[in-house]
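Trainee: Take a look at the letters that make up each chain.
2 protein chains.
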Amino acid sequence: MDFKRTDYCGNIFSKKIGEKVTVCGWVQKQRDLGKLIFVDLRDRTGVVQLAFYEKNPKVFEQAFRLRAEFVVAASGFVCERSSKNPNIPTGDIEIEVEQLRVYSKAQTPPFEIVENSNAGEELRLKFRYLDLRRSDLSKNILIRHKMAKLARDYFNDNGFIEIETPFLIKSTPEGARDYLVPSRAFRGKFFALPQSPQLYKQLAMIAGFDRYMQIVKCFRDEDLRADRQPEFTQIDLEMSFVNSKDIMSMVEGFIVKLYKNIFNKDIAKPFFQMNYDDCMKKFGSDKPDLRFGMEIIHLTKLLKNTEFRVFSDIIKNKGLVCAINAKGACDKFSRKDIDKLSGWIVAHGVRAISFTKSDKNKNSSSSYEKFLSTEEVKNIRETSSFEPGDILFLVAHKNELTCLEAIGALRVKVAQIIDIKKSEISLLWVTNFPLFEYDKNQSTLIAKHHPFVAPKDEDLKFLETNPEKVRAEAFDLILNGNEIGGGSIRICDFNVQKRVLGCLGFSDEETKERFGFLLDAMQFGAPPHGGLALGFDRLIMILLGCENIREVIAFPKISTSSELMTSSPSVVCDDQLNELGIKLDKLENTN
Amino acid sequence: MDFKRTDYCGNIFSKKIGEKVTVCGWVQKQRDLGKLIFVDLRDRTGVVQLAFYEKNPKVFEQAFRLRAEFVVAASGFVCERSSKNPNIPTGDIEIEVEQLRVYSKAQTPPFEIVENSNAGEELRLKFRYLDLRRSDLSKNILIRHKMAKLARDYFNDNGFIEIETPFLIKSTPEGARDYLVPSRAFRGKFFALPQSPQLYKQLAMIAGFDRYMQIVKCFRDEDLRADRQPEFTQIDLEMSFVNSKDIMSMVEGFIVKLYKNIFNKDIAKPFFQMNYDDCMKKFGSDKPDLRFGMEIIHLTKLLKNTEFRVFSDIIKNKGLVCAINAKGACDKFSRKDIDKLSGWIVAHGVRAISFTKSDKNKNSSSSYEKFLSTEEVKNIRETSSFEPGDILFLVAHKNELTCLEAIGALRVKVAQIIDIKKSEISLLWVTNFPLFEYDKNQSTLIAKHHPFVAPKDEDLKFLETNPEKVRAEAFDLILNGNEIGGGSIRICDFNVQKRVLGCLGFSDEETKERFGFLLDAMQFGAPPHGGLALGFDRLIMILLGCENIREVIAFPKISTSSELMTSSPSVVCDDQLNELGIKLDKLENTN
Chain A
439 MDFKRTDYCG
449 NIFSKKIGEK
459 VTVCGWVQKQ
469 RDLGKLIFVD
479 LRDRTGVVQL
489 AFYEKNPKVF
499 EQAFRLRAEF
509 VVAASGFVCE
519 RSSKNPNIPT
529 GDIEIEVEQL
539 RVYSKAQTPP
549 FEIVENSNAG
559 EELRLKFRYL
569 DLRRSDLSKN
579 ILIRHKMAKL
589 ARDYFNDNGF
599 IEIETPFLIK
609 STPEGARDYL
619 VPSRAFRGKF
629 FALPQSPQLY
639 KQLAMIAGFD
649 RYMQIVKCFR
659 DEDLRADRQP
669 EFTQIDLEMS
679 FVNSKDIMSM
689 VEGFIVKLYK
699 NIFNKDIAKP
709 FFQMNYDDCM
719 KKFGSDKPDL
729 RFGMEIIHLT
739 KLLKNTEFRV
749 FSDIIKNKGL
759 VCAINAKGAC
769 DKFSRKDIDK
779 LSGWIVAHGV
789 RAISFTKSDK
799 NKNSSSSYEK
809 FLSTEEVKNI
819 RETSSFEPGD
829 ILFLVAHKNE
839 LTCLEAIGAL
849 RVKVAQIIDI
859 KKSEISLLWV
869 TNFPLFEYDK
879 NQSTLIAKHH
889 PFVAPKDEDL
899 KFLETNPEKV
909 RAEAFDLILN
919 GNEIGGGSIR
929 ICDFNVQKRV
939 LGCLGFSDEE
949 TKERFGFLLD
959 AMQFGAPPHG
969 GLALGFDRLI
979 MILLGCENIR
989 EVIAFPKIST
999 SSELMTSSPS
1009 VVCDDQLNEL
1019 GIKLDKLENT
1029 N
Chain B
439 MDFKRTDYCG
449 NIFSKKIGEK
459 VTVCGWVQKQ
469 RDLGKLIFVD
479 LRDRTGVVQL
489 AFYEKNPKVF
499 EQAFRLRAEF
509 VVAASGFVCE
519 RSSKNPNIPT
529 GDIEIEVEQL
539 RVYSKAQTPP
549 FEIVENSNAG
559 EELRLKFRYL
569 DLRRSDLSKN
579 ILIRHKMAKL
589 ARDYFNDNGF
599 IEIETPFLIK
609 STPEGARDYL
619 VPSRAFRGKF
629 FALPQSPQLY
639 KQLAMIAGFD
649 RYMQIVKCFR
659 DEDLRADRQP
669 EFTQIDLEMS
679 FVNSKDIMSM
689 VEGFIVKLYK
699 NIFNKDIAKP
709 FFQMNYDDCM
719 KKFGSDKPDL
729 RFGMEIIHLT
739 KLLKNTEFRV
749 FSDIIKNKGL
759 VCAINAKGAC
769 DKFSRKDIDK
779 LSGWIVAHGV
789 RAISFTKSDK
799 NKNSSSSYEK
809 FLSTEEVKNI
819 RETSSFEPGD
829 ILFLVAHKNE
839 LTCLEAIGAL
849 RVKVAQIIDI
859 KKSEISLLWV
869 TNFPLFEYDK
879 NQSTLIAKHH
889 PFVAPKDEDL
899 KFLETNPEKV
909 RAEAFDLILN
919 GNEIGGGSIR
929 ICDFNVQKRV
939 LGCLGFSDEE
949 TKERFGFLLD
959 AMQFGAPPHG
969 GLALGFDRLI
979 MILLGCENIR
989 EVIAFPKIST
999 SSELMTSSPS
1009 VVCDDQLNEL
1019 GIKLDKLENT
1029 N
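Top to bottom, those sequences are chains A and B. Heads up, the first sequence is in my numbering, so the first residue is 439 and it goes up one at a time. Heads up, the second sequence is in my numbering, so the first residue is 439 and it goes up one at a time.
To be clear, the hints were calculated from the coordinates, so they are not data collected in a lab. Backbone N, C-alpha and C define an ideal beta-carbon position, used for all residues, glycine too. Honestly, I wouldn't trust all of these hints.
[Stated by the list, open to error] One side of the interface only, derived from the structure: several residues of chain B facing chain A at Cβ under 8 Å:
id, residue
1, Tyr617
2, Ala623
3, Ala645
4, Thr1004
[As the list claims (entries may be wrong)] Here are the simulated DSS-like cross-link-like pairs (lysine-lysine), alpha carbons at most 25 Å apart as the crow flies:
id, chain 1, residue 1, chain 2, residue 2
5, B, Lys543, A, Lys950
6, B, Lys584, A, Lys695
7, B, Lys543, A, Lys899
8, A, Lys936, B, Lys564
9, B, Lys577, A, Lys587
10, A, Lys577, B, Lys587
11, A, Lys860, A, Lys707
12, B, Lys894, A, Lys543
13, A, Lys907, A, Lys683
14, B, Lys695, A, Lys584
15, A, Lys564, B, Lys936
16, B, Lys707, A, Lys442
17, B, Lys950, A, Lys564
18, A, Lys587, B, Lys587
19, A, Lys543, B, Lys899
20, B, Lys587, A, Lys584
21, A, Lys1021, B, Lys1021
22, B, Lys458, A, Lys683
23, A, Lys950, B, Lys564
24, A, Lys587, B, Lys584
25, B, Lys719, A, Lys442
26, B, Lys543, A, Lys936
27, B, Lys851, B, Lys719
28, B, Lys587, A, Lys698
29, B, Lys894, A, Lys683
30, A, Lys587, B, Lys695
31, B, Lys698, A, Lys587
32, B, Lys442, A, Lys894
With the hints as extra help, turn the sequences into a complete structure.
Mentor: Take a look at the structure:
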């Protein structure tokens, strides 16, 4: 490096006119105007225009040969531009180059390094290091850094200490699937990569560290969705001698600070809270998007004496009939659109959608009104505030939860279709979760959150007799309909922990084998404690309005869990496997 | 939590006298004086004395039942102590307790929670959460947090951004052994855990991020030494458009800040530099401890015409004869001690140590002087500044490097034996390393640092003809004789990278298969770049004067790579292995 950079490209403004500067970066483009050559030079801060004049033949000659993505350093005086560019921050100036050094030439990249690239994502992932040069992607990574720094500052200021928890841990299969790591020193044994540092942060509280914080990678070997990655990042917290309110308040302070520092937006706290039962009843979701209304209308009582068999059978079976009213959206749903929605909802466990619509001329049609009494029709319309121009969607199912979840999903879907007007930000705590939920596939109780969440004291008595009635000291943070954090008070009593694990089907022996160290720890003085984990990738994605989680991760994996740039995973040599004492199954499928 | 903590135990001083406070923590000890009970309450900040008087029978009764490690909250007024304890910061006051809440009882712990515990380390590791309550251990973790925060602040202030690099990466076996992670989606293929984020941070530079920083876990499946862990933490840096000096200066600023903030010590910069050849010649080590002198004395030239066969054979074979003079330490080495040292040095590849000693009465003895000429003896004594009271150790070997490394090791050993006076801190950059070293076991060249270190421009011409002559743009940071950081300028030229990989024995095909993505990247505009990684665990260990790296890691592993608290690694169920398409070798040894 014989050129010493004085400034970043994006930071040179008119107050620097007359100064000599040295910049380094990549050629964004070169324009040859005959006696004058312009080069846009780019670094992570932005772009600045370099000007090369024929009167300085050495650099003019060099500039002539520059191509996109060449890496150069340039020295020269900052001058006022004759034709200013108001579209970029440095558009008032240019650098008249006196010395140029080409550090690295570049082949023509496989796609152009510009904002809003229309190159396919697969190609861009293969050349991720080029894609990351595009400012719409690099700015996400720069903001990610800023958010991580804000988190560390905020929690440090509040007395949290970073404690690094191990990555090679014991496999305790519950919840998602573990990634395993074969041990060479103990052939036939395995480590697992952590799905979260849950037990270690609880042990840190039992050790007396009082407030713990870590921004940490976690691993889940699951089939991926658009917003999941096999490795993902959590802002992980734990506090001792606190209740739920203390934890929520601490997290609110952080979210408020994020919005203030990143977007200069003031968010009010405390955030709105709603208990789980209300969420389900009103929005059919435990992570409702409250940026818009369209609350669920409950019609079950109203129809309790109906003679229409479709509804009456369901109601007799303790099922529900629910509706949503898409105000003024009648025109947006043709009969064909409604049929399509009806097909769509099957995946949510109900057979079809019923509807009533009425255009502004009061021409109305309905799939069910003809089967109901005039009184019932009137009551439904009144209860739903149904007016000309509206369309009412009804969902009914004998299983209460299925019905609510289906109408909840429909609410979100309809809002999307009609492009409903949404407020900008909806932050919400959902509280009073059930401790367990029933897993139909395995016919067992599973933990709604995880097995270490404390039951509410007053519900302890139901643990063995009516476990589904037991509520948890748990609270999820919802941002615009997405769960961005899950928190709870943890069990700190040995006996309660044993009873909860018992409800989850662990025998005494299994409990001892898998969680013996935690149960031991609880017998040597465990403080009341609790905490929360924020999904950092998802938080950034939602804050920045990205559509895919890959847009906020520097080197992401695709949905098969592979990484396209380095082509991993890959085959390894036999020596490596022999040392580990493992063999491949004959039928291995290398895809 | 019905008690709201107002203060940490260790922060209540006499200016709080008369105030009502609430503290939470663990009972350190309880002393029953009949009408008065004292309880020392501990949290992460320290200890405070609680006083319980008979006149308040409810809390007095509660206090009577308290035992070590019970978890409680206590409220009461801060009072001046009648008998002050100058040994603890809160020794002037006590809290006269009005309300007490016992959150958690505790069994008698398997060892006492006190400083300088004499319990065995194995027991303490099994109950790590109890061991971490001891202040001599917890203070290390608290300082570790402080150091991590300082690092993040310092590098952020200097324009570095944190970029998270992936943990599930491609296995590129070179250097140490990879930990492997079987892929379920691609049966028969594997991820590896990173030995360092080396290639990703270089790609981040090629992507234009300019300055990268991460405090990151790395993994090496090696047989462990006292200061190694299978997972360890690096402060990992990379910068673009810089030379070695820029990187060293940036790191010096950080180390200076650490010493200032942690120990309030001023360290001068720039740090001392020494090139590799001089280090080897003067101290027989590429990480010399310069807190003391005892430089190597070179006797080869002096003895070039000696008739003593032991030396002359070696010198004829281009070997060396070297000495160190342990000034005034003659009395510390009996003949038996010297024999022991001679036995010890065999592991360093030389057969024995020769010596000359002379006590203060000039009674002298020597193992070799009788074989030399009077002139030679005189010259050796003069060159070595040998005086009465000194002892001179000689080492000779036909291989130059073996001789230097042996005498270098002897220098450290002797300094330890005689408890030589050392200055407090020695910080040193070692520069001008060879790019390669010859691996006798495999009869190949291996990279002295790693395969991506740039050769010095002027030595490029030797790459194919005399690769061992090629020096690297590499620099190690040495603290008190320990390597705490390794840095270098990286190769950013496609052809140079290919040539270096060629020297290391990679065929074109292997190069493409393993490093193709990096070589591709270098062809699309790679900036000059370089960086450094600090071994964070080791840095903390040395700064805090700990003897074992486990003392600065919250949840460490032992030398077999297992973790005693959770008993990991462990066996996993067949279903897990079946899903991954792997089988255990029949002869697996589960130790």
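Trainee: Each hint: holds or not?
Mentor: Tested hints:
1. Tyr617: At 5 Å from the nearest chain A Cβ, Tyr617 of chain B passes the 8 Å test, so the hint holds.
2. Ala623: Given a least distance of 5 Å, the restraint on Ala623 of chain B holds.
3. Ala645: 4 Å, holds
4. Thr1004: Since chain A brings a Cβ to about 4 Å from Thr1004 of chain B, closer than 8 Å, the hint holds.
5. B:Lys543 x A:Lys950: 21 Å, holds
6. B:Lys584 x A:Lys695: 22 Å, holds
7. B:Lys543 x A:Lys899: Since the Cα atoms of Lys543 of chain B and Lys899 of chain A sit roughly 22 Å apart, the hinted pair holds (cutoff 25 Å).
8. A:Lys936 x B:Lys564: 21 Å, holds
9. B:Lys577 x A:Lys587: 24 Å, holds
10. A:Lys577 x B:Lys587: 24 Å, holds
11. A:Lys860 x A:Lys707: 20 Å, holds
12. B:Lys894 x A:Lys543: 20 Å, holds
13. A:Lys907 x A:Lys683: 22 Å, holds
14. B:Lys695 x A:Lys584: Within the cut-off at roughly 22 Å; holds.
15. A:Lys564 x B:Lys936: 21 Å, holds
16. B:Lys707 x A:Lys442: Roughly 21 Å between the alpha carbons, so the hint for Lys707 of chain B and Lys442 of chain A holds.
17. B:Lys950 x A:Lys564: The hint holds at about 15 Å.
18. A:Lys587 x B:Lys587: Answer holds: Lys587 of chain A to Lys587 of chain B is near 10 Å, not above 25 Å.
19. A:Lys543 x B:Lys899: Measuring from Cα to Cα gives roughly 22 Å; hence the hint holds.
20. B:Lys587 x A:Lys584: Cα-Cα ~14 Å, so holds.
21. A:Lys1021 x B:Lys1021: 5 Å, holds
22. B:Lys458 x A:Lys683: Measuring from Cα to Cα gives roughly 23 Å; hence the hint holds.
23. A:Lys950 x B:Lys564: 15 Å, holds
24. A:Lys587 x B:Lys584: 14 Å, holds
25. B:Lys719 x A:Lys442: Outside the cut-off at roughly 35 Å; violated.
26. B:Lys543 x A:Lys936: Holds, because 17 Å separates the two Cα atoms, which is no more than 25 Å.
27. B:Lys851 x B:Lys719: 18 Å, holds
28. B:Lys587 x A:Lys698: 22 Å, holds
29. B:Lys894 x A:Lys683: Roughly 60 Å separates the two Cα atoms, so the pair is violated.
30. A:Lys587 x B:Lys695: 19 Å, holds
31. B:Lys698 x A:Lys587: 22 Å, holds
32. B:Lys442 x A:Lys894: 20 Å, holds
Hints 25 and 29, counting from the list given before, are not met by this structure.
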